[in-house]
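Chemist: When you get a sec, could you build the whole thing from the sequences and use the hints?
Read off the chains here:
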Amino acid sequence: MATRPIWQEKPSTFVSVLKVLVLAFTVVVTLYPFIYVIAVSLSNPKVYTPGDLLLWPKGFTTAAYQLIMAGQTVPRALVVSVCVTTVGTLVSMFCTVTMAYGLSRTSRVPGARPILLLVLFTMLFSAGIIPSYLVVRGVGLLDNYLALIVPGAISAFNLVVIRNFFMNIPEELYDAARIDGAGELQILWRVVLPLSKAVLAVIALFYGVGYWNSFFEAMLYLNEPRMWPIQLILRQYVLQAEPLGDAAREQTQVHLTPETIQMTVLVLATVPILLVYPFLQRFFTKGVLTGAIKG
Amino acid sequence: MYVLIAPGLLFFVVFRYLPLLGNIAAWQDYSPFLGFRRSPWVGWANFAQIFSDPELLNALRNTLLLSGLQIVFAFPAPLALALLLNSVISVRVRRWIQTVVYLPHFIGWVIVVSIWNQMLGPTGVLNHVLKLFGLKAADIIGNPDSFAVLVTAQVIWKEVGWGTIIFLAAMLAIPQELYESAALDRAGPWRRIWHVTLPGIASVIILLLILRLGSVLSVGFEQILLQQPAVGADAAQTLDTFVYFRGINGGDWGLATAAGLVKGLVGTVLVLGANRAAKKLGGEGVF
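Listed in order, the protein sequences are those of chains A and B.
Terminal number for the first sequence in full-length UniProt numbering: 295, no gaps in between.
Terminal number for the second sequence in full-length UniProt numbering: 287, no gaps in between.
Derived from the structure by calculation, the hints contain no laboratory data.
Certain hints may be false.
[Said to hold, decoys possible] Straight-line distance between alpha carbons at most 30 Å, and here's what the computed DSBU-like set of lysine-lysine pairs gives:
#1 A:46 with A:58
#2 A:58 with B:131
#3 A:46 with B:280
#4 B:136 with A:46
#5 A:58 with B:279
[As the list claims (entries may be wrong)] Reference listing, derived: stretches of chain A covered by chain B, where coverage requires no fewer than 3 residues with Cβ under 8 Å from a Cβ of chain B:
#6 63-73
#7 167-178
#8 234-240
Quick reminder that beta carbons are idealized off the backbone N, C-alpha and C, glycines included.
Modeler: Spelled out as structure tokens, the structure:
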């Protein structure tokens, strides 16, 4: 609990009340939609009517979850999303870290500067949707899960963030490791990476969230609905209100409304993010700032 | 060392530079079946058509409207919230609020739009509450007239908390002595914000504004794509959605590529121009 500096006057009651109101409003508006969606997904449609202000499930039931997880479409899409997110994050981190490390050792790598400029230029100007699509098609990635990963494998911004962080590691550490006979790979693995855990965690989170949330790439590159990740299923099922592939099952379970099932899919698509969030939250500020404040 | 750089370099060459070549489709009546080599060349016809296609002009108008609203309302919102949070004395309360407001940043647009539909849609919470008070139901989600406001509100909801991080950190870097001496000079809380806090973070504000200008012609592609069916193309066609629908769905590759190319060039020119202007005015700029 920090205390007020002596020079700072106590705000008037009016200002204090106003501040509390604004902050409380912000928190409620941010948080309530999530609570509502979770509550609906766990409610029994016989007891509650759509639009009821719920804080807590009415007529608690996990029937919607059981129904959905027993079906085909959603579990398959969840598996796809988890796999794409995991593999994608690993690929992205590998390529970004190795390249950032190579580019951070400007003194030992002639040509690092021009390559860095090449990277920075892509932040300024990038080809549009159509040329990118043509390249992905051209290299034969249509209807291939790699199309969700490879075309966006490296974010130039993340690369620069990591490189800047590596640049700040004192030169003496490198020298010491080299005297001990370590090669470049060993230095990266044993010295540099352990010192960069916080920043790497944040960047991995950024990549992971990106993969988990992406639907446009899948929409563009995957024609086969069986391959779709959860976000695309969500779009089709919740926003376009098209039935899931398990329509027959839904009809036998008449006591569940489409709304309840939609909210359940929504929760399932959100939960993985909510699970990693608390673990990484303390790194956010550090991760954002190492890259952002510098130009 | 070069082995380490190679995978990344390969990526940039294939997926960032090779597509630049693809922009030659802008000067062609490109057909995927004929490829770049055999598609007929049309000179500047696609570019000429950009300025006469009513659908595209409509898309440009919508894009500028949405972008303008976002620069005026969504850009300063995190600054306002950061000022407010900064004035909260209790560290614990501040941390807790931050945890909550960061959250929506990590939720994808599909989820955000779904949640908003639940709140404001025809059978949503808002209409339920309005009905309880005997008021008329409001169709916010499907109304083309309020679409721009809806989109801006969503952007603020999703990103306002995340945007505060940089401002808050910049505020922390302002020396406390400045506030103290300002207070000794009888500057009240508002004057301290005006004369100490804002000048202290001005360079960060300018930097973010410059970067924002670069995307004046690209507003929330996924967000708008998802909500276009509800309000129709008149209100919800933007340059990005135009390129997508006309090019990839409609097969008008040349025109769509030209539109995308012009959009990208304008963005780049704006960033560089704003950067130069910021430097002329005595600021630091980005580059």
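Chemist: Are the Cα positions of residue 58 of chain A and residue 279 of chain B separated by 30 Å at most?
Modeler: violated (59 Å)
Chemist: Do the alpha carbons of residue 46 of chain A and residue 58 of chain A lie within 30 Å of each other, as the hint requires?
Modeler: Judged against 30 Å, a Cα distance of about 9 Å means the pair holds.
Chemist: Check whether three or more residues of the stretch 234-240 of chain A sit with their beta carbon closer than 8 Å to a beta carbon of chain B.
Modeler: holds (count 5)
Chemist: Verify this for me: three or more residues of the stretch 63-73 of chain A with a beta carbon less than 8 Å from a beta carbon of chain B.
Modeler: Not satisfied, violated; 0 residues make the cut.
Chemist: Please verify whether residue 136 of chain B and residue 46 of chain A have alpha carbons no more than 30 Å apart.
Modeler: holds (26 Å)
Chemist: Apply the coverage criterion to the stretch 167-178 of chain A and chain B: a residue qualifies when its Cβ sits closer than 8 Å to a Cβ of the chain, and three qualifying residues are needed.
Modeler: violated (count 0)
Chemist: Does the structure keep residue 46 of chain A and residue 280 of chain B at a Cα separation of 30 Å or less?
Modeler: violated (67 Å)
Chemist: Could you grab the alpha-carbon distance between residue 58 of chain A and residue 131 of chain B and see if it respects the 30 Å cut-off?
Modeler: holds (20 Å)
The structure fails to meet hints 3, 5, 6, 7 from the earlier list, while all remaining hints are met.
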